[in-house]
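Model the full structure from these sequences, guided by the hints.
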Amino acid sequence: MRPLVNREDAKGAKIFWGVPRLLRGPTQMVLVFAFFVSSRFNSPALANPVDAFGFGGRAPAMAGAQTAAAADGSANYYNPALLATFDDIRVDVGYQTAVPSLFVNGLDLRVDSSRGLAVALSSPGRIGKVHLAVSGGLFLPDQHVLRARAIEADKPRFALYDNRPQRLFLGANLAFQIGDRLAIGGGIAYMAKTVASVDLVGRLGFPDPNDSDLALAIDADVKEIRYPQAGILFHATPWLDLGLSYRGGYKLILENTVRVLADVGREDDPVVENGRLELFALAQDLFQPQQWSAGLAARLTHRLLVAFDASLHRWSRFENPATRIDLDIDAGMFNDLIDIPDTPPLPDPHYHDIVIPRLGVELRLVESARRDLDLRAGYSFEPSPVPEQVGESNFIDNDKHTLSAGLGLTLRHWTDILPRPVRLDAYGAVTLLAPRSHHKLSPVDPVGDYRSSGRLVQLGLSSTWHF
Amino acid sequence: MRALLAICLCAACGVGPFDDAPGGRDNLPTRAAGPYGKTEIDFDTPADEPYVLEDITVDLRDPAPLARDDGGFRIWFTRGDPDDGSAAIWYAELPDVRSVPDVPPQLALAASEPWEADFVGEPSVLDLGGGHLVLYYRGGPADAPSIGRADSMDDGASWQKSAQNPLLDGASPAGALLADGTALYFVDPAAPGIHAATSADGVAFDRLPEPVIEPRPELTDAFDTRAVFDPYALVTATLDDSEPVHVGLFFTGTRRGADPGTLLDAIGYAGSYDGITFTRFFGAEPVLEPGPPSEGGAGVISVAAGGVLFFHELKLTRYRIGAALHP
Chain U
1 MRPLVNREDA
11 KGAKIFWGVP
21 RLLRGPTQMV
31 LVFAFFVSSR
41 FNSPALANPV
51 DAFGFGGRAP
61 AMAGAQTAAA
71 ADGSANYYNP
81 ALLATFDDIR
91 VDVGYQTAVP
101 SLFVNGLDLR
111 VDSSRGLAVA
121 LSSPGRIGKV
131 HLAVSGGLFL
141 PDQHVLRARA
151 IEADKPRFAL
161 YDNRPQRLFL
171 GANLAFQIGD
181 RLAIGGGIAY
191 MAKTVASVDL
201 VGRLGFPDPN
211 DSDLALAIDA
221 DVKEIRYPQA
231 GILFHATPWL
241 DLGLSYRGGY
251 KLILENTVRV
261 LADVGREDDP
271 VVENGRLELF
281 ALAQDLFQPQ
291 QWSAGLAARL
301 THRLLVAFDA
311 SLHRWSRFEN
321 PATRIDLDID
331 AGMFNDLIDI
341 PDTPPLPDPH
351 YHDIVIPRLG
361 VELRLVESAR
371 RDLDLRAGYS
381 FEPSPVPEQV
391 GESNFIDNDK
401 HTLSAGLGLT
411 LRHWTDILPR
421 PVRLDAYGAV
431 TLLAPRSHHK
441 LSPVDPVGDY
451 RSSGRLVQLG
461 LSSTWHF
Chain W
1 MRALLAICLC
11 AACGVGPFDD
21 APGGRDNLPT
31 RAAGPYGKTE
41 IDFDTPADEP
51 YVLEDITVDL
61 RDPAPLARDD
71 GGFRIWFTRG
81 DPDDGSAAIW
91 YAELPDVRSV
101 PDVPPQLALA
111 ASEPWEADFV
121 GEPSVLDLGG
131 GHLVLYYRGG
141 PADAPSIGRA
151 DSMDDGASWQ
161 KSAQNPLLDG
171 ASPAGALLAD
181 GTALYFVDPA
191 APGIHAATSA
201 DGVAFDRLPE
211 PVIEPRPELT
221 DAFDTRAVFD
231 PYALVTATLD
241 DSEPVHVGLF
251 FTGTRRGADP
261 GTLLDAIGYA
271 GSYDGITFTR
281 FFGAEPVLEP
291 GPPSEGGAGV
301 ISVAAGGVLF
311 FHELKLTRYR
321 IGAALHP
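If you read the protein sequences in the order shown, they are chains U and W. Residue 137 in the working numbering sits at position 137 of the first sequence, with consecutive numbering throughout. Residue 171 in the working numbering sits at position 171 of the second sequence, with consecutive numbering throughout.
Just so you know, the hints here were simulated from the structure itself, not pulled from any lab data. Treat the hints loosely; a few may be bogus.
Stated by the list, open to error - Looking from chain W toward chain U, a few residues come up when the C-beta cut is under 7 Å (computed):
hint: 1; residue: Asp-26
hint: 2; residue: Met-153
hint: 3; residue: Thr-238
hint: 4; residue: Gly-271
hint: 5; residue: Ser-272
hint: 6; residue: Thr-279
What the hints assert, rightly or not - A short list of chain W residues far from chain U (calculated; beta carbon distances all over 12 Å):
hint: 7; residue: Ala-117
hint: 8; residue: Pro-293
hint: 9; residue: Leu-316
To be verified - Here are the simulated distance ranges between beta carbons:
hint: 10; chain 1: W; residue 1: Pro-327; chain 2: U; residue 2: Val-355; range: 32 to 40 Å
hint: 11; chain 1: W; residue 1: Leu-107; chain 2: U; residue 2: His-401; range: 52 to 60 Å
hint: 12; chain 1: W; residue 1: Asp-169; chain 2: U; residue 2: Pro-209; range: 55 to 63 Å
All residues carry an ideal CB built from backbone N, CA and C; glycine is no exception.
Set out below in structure tokens:
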């Protein structure tokens with residue numbers, strides 16, 4: 001058995017590879033996997049802080065180049081297939097924070113920081129001759145489990161940092177090892193959306209509103225949303241792994257309805273009988289582009305691992321997130337006096353697809369029977385999917401350069417209680433937003449020209465416990 | 001190690017190290033076009049909001065502001081005697097719009113030429129840098145006004161009137177430094193609308209044949225159905241070399257008041273990239289919350305993520321200068 005290069009600690013471990021006889025070939029396994037994914041998860045994925053800042057303590061230190069290199073619970077996000085390479089139960093617990101300083105015309109918009117607890121549980125095992133792993137990952141923000149807000153179309157905002165990092169990420173995955181060289185994995189990630197309605201039924205006092213007699217009913221549902229993620233890992237050579245991962249795209253729509261069904265006027269002599277007002281508001285609160293990532297992990301020497309990813313993000317499907325409002329009024333004999341103009345169509349934001357390259361390295365500085373010390377670094381470049389804002393919209397975004405570094409300390413035989421290795425990871429990263437100018441075509445644009453820039457400082461600690 | 005464990009456990013309990021309110025809404029960019037709202041009365045401040053300059057014995061009108069380095073304001077204005085119709089240009093400084101002047105009102109420029117006919121007012125001040133200020137002003141009676149120029153090389157401490165005065169027939173001049181010269185917006189008692197003239201040296205002006213802003217009698221709800229006047233040009237640099245400046249033109253418009261026979265003034269806005277062709281903003285509405293009382297004579301400063309609009313309005317038989325803020 002040749003160890004996969006990203007498996008960090010296979011010492012003394014028993015590896016169980018193989019598949020049931022009926023599913024021996026990779027084609028059959030892919031079919032099973034495809035059924036597993038497609039039978040449940042037709043809806044696409046959604047944005048979260050993990051998209052923006054990474055997951056775990058090791059991955060962000062390597063600029064997120066983890067499609068073929070994840071070695072802890074972060075595989076739940078980067079490539080679930082890697083979970084199948086684990087040989088013991090692993091629990092990851094960490095804390096991550098990202099503090100933005102985002103400027104327009106040199107002034108800080110004071111965009112919220114993103115921070116929270118990152119945990120993962122990965123449990124490998126065997127069913128018959130099939131080596132598999134089940135795992136779950138969670139990023140739980142400690143400010144907003146979920147924040148939803150719709151903003152006017154022309155209100156300036158940093159499009160990729162305003163709302164996107166303010167919600168949880170929860171994913172569950174299943175991974176299989178197929179032979180010596182192939183592993184596949186996939187699963188679902190969960191999110192919630194809200195659908196709310198407010199109903200007022202009864203009589204609306206007129207001309208004295210205090211004479212109203214209305215019954216109020218509020219109905220708000222927090223509905224589950226699922227979206228798929230999947231990955232493949234191919235062990236190409238003893239020193240090279242190749243990975244491919246997929247995350248679906250997703251739109252989170254805020255739906256709010258206000259409905260008034262009432263007579264209008266005095267109780268004994270209403271001016272309008274059975275009047276009706278319905279206001280239906282739809283807003284795209286969040287969008288996550290469909291993502292395809294291809295990566296490699298090359299152990300160039302015993303001590304040096306180099307990882308590279310290229311990710312395609314399909315931002316071209318992004319729609320204008322401003323609120324669309326439908327208003328319907330039935331005011332009886334006064335209907336002729338009411339003229340509600342149609343809501344004008346929202347302009348296309350014209351986002352475009354982007355490819356993000358990521359490069360990460362991991363160098364083992366110290367290696368001994370009791371402890372290892374790894375130094376990590378990375379760089380990524382994320383071009384902006386957002387065009388120059390020349391019209392009414394003000395979706396501010398810039399090209400982003402991220403430089404990262406981190407340390408990983410693995411302790412073996414630390415205590416009698418924890419005979420298996422414990423790894424501690426720490427990282428820091430800085431994302432620099434390249435200055436960008438926006439010139440408005442209209443001389444009466446209320447916002448006018450502006451120049452955006454900024455930086456984000458990311459810090460994190462994580463621990464991985466083997467059992 | 002135990003500390004790390006403690007951090008992890010605290011985080012697991014949802015105990016974040018910080019807490020703050022939802023953000024991302026501060027310091028949003030704006031062109032300072034509006035809308036503006038008058039400063040509200042605050043009994044804890046020394047100012048008489050929304051007024052920043054007032055004198056019950058005279059009319060104070062037509063504020064022309066420049067920003068002070070410390071965030072305060074320098075304001076030139078017309079100080080008119082309501083009894084004899086004479087006027088002079090005075091000057092004061094404010095630390096902010098909720099304080100009394102820290103440089104009390106003082107005379108800046110008085111009538112001294114025959115063509116000025118004991119009236120100089122309606123100032124417009126351009127800062128050329130290095131302490132060189134240019135003041136365009138109206139001289140002469142309301143029915144035959146002319147526009148003059150004065151220069152200060154000591155940052156407004158003293159003024160020297162141009163030997164070429166009067167430069168142009170008209171009133172209410174508003175100077176604007178464009179990329180290739182100076183534009184002057186003004187009104188002509190003989191021709192409705194706001195007119196423009198351009199100059200390479202800021203002294204010899206060529207008047208454009210047509211007004212750049214006209215009343216909109218066809219738009220019955222508009223604030224400027226009957227007249228437009230009192231222009232003020234706010235010039236800002238753009239981020240496009242092909243259109244290097246933007247001119248925001250504030251002006252006063254007049255419409256009928258709610259009571260028969262009354263008129264109501266309000267301040268509106270139009271924008272331009274060439275200083276000649278203007279586009280209206282805000283549809284039929286003014287950019288300062290509409291009166292009564294009537295407001296006019298706008299002078300605007302663009303500040304960080306906002307704007308400060310100085311205006312005059314009539315209160316208790318005297319014109320006073322007030323302030324409004326955006327956003």
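For each hint, the structure was consulted:
Because the beta carbon of Asp-26/W sits about 4 Å from the nearest beta carbon in chain U, less than 7 Å, this interface hint is met. Violation of the interface hint for Met-153/W is found here, the shortest Cβ-Cβ separation to chain U being roughly 31 Å, above the 7 Å cut-off. Interface restraint check: Thr-238/W against chain U, minimum CB-CB distance 5 Å, threshold 7 Å, status holds. Because the closest C-beta pair between Gly-271/W and chain U is about 4 Å apart, less than 7 Å, the hint holds.
For Ser-272/W, the shortest C-beta to C-beta distance to chain U is roughly 5 Å, which falls under 7 Å, so the interface hint holds. For Thr-279/W, the suggested interface contact is upheld, since its CB lies about 5 Å from the closest CB of chain U, less than 7 Å. Chain U leaves Ala-117/W outside its interface by the beta-carbon criterion, the shortest separation being 38 Å against a cut-off of 12 Å. In this structure Pro-293/W is separated from chain U by more than 12 Å, as the shortest Cβ-Cβ distance comes to about 26 Å.
A cut-off of 12 Å between C-beta atoms confirms that Leu-316/W is not in contact with chain U; the least separation is 35 Å. Here the CB-CB span from Pro-327/W to Val-355/U is close to 39 Å, well matched to the stated 32 to 40 Å. Between Leu-107/W and His-401/U, the C-beta spacing of about 57 Å keeps the proposed range 52 to 60 Å intact. At roughly 58 Å, the beta-carbon separation of Asp-169/W and Pro-209/U lies within the given 55 to 63 Å, and the hint holds.
The structure fails hint 2 only (numbered hints given earlier).
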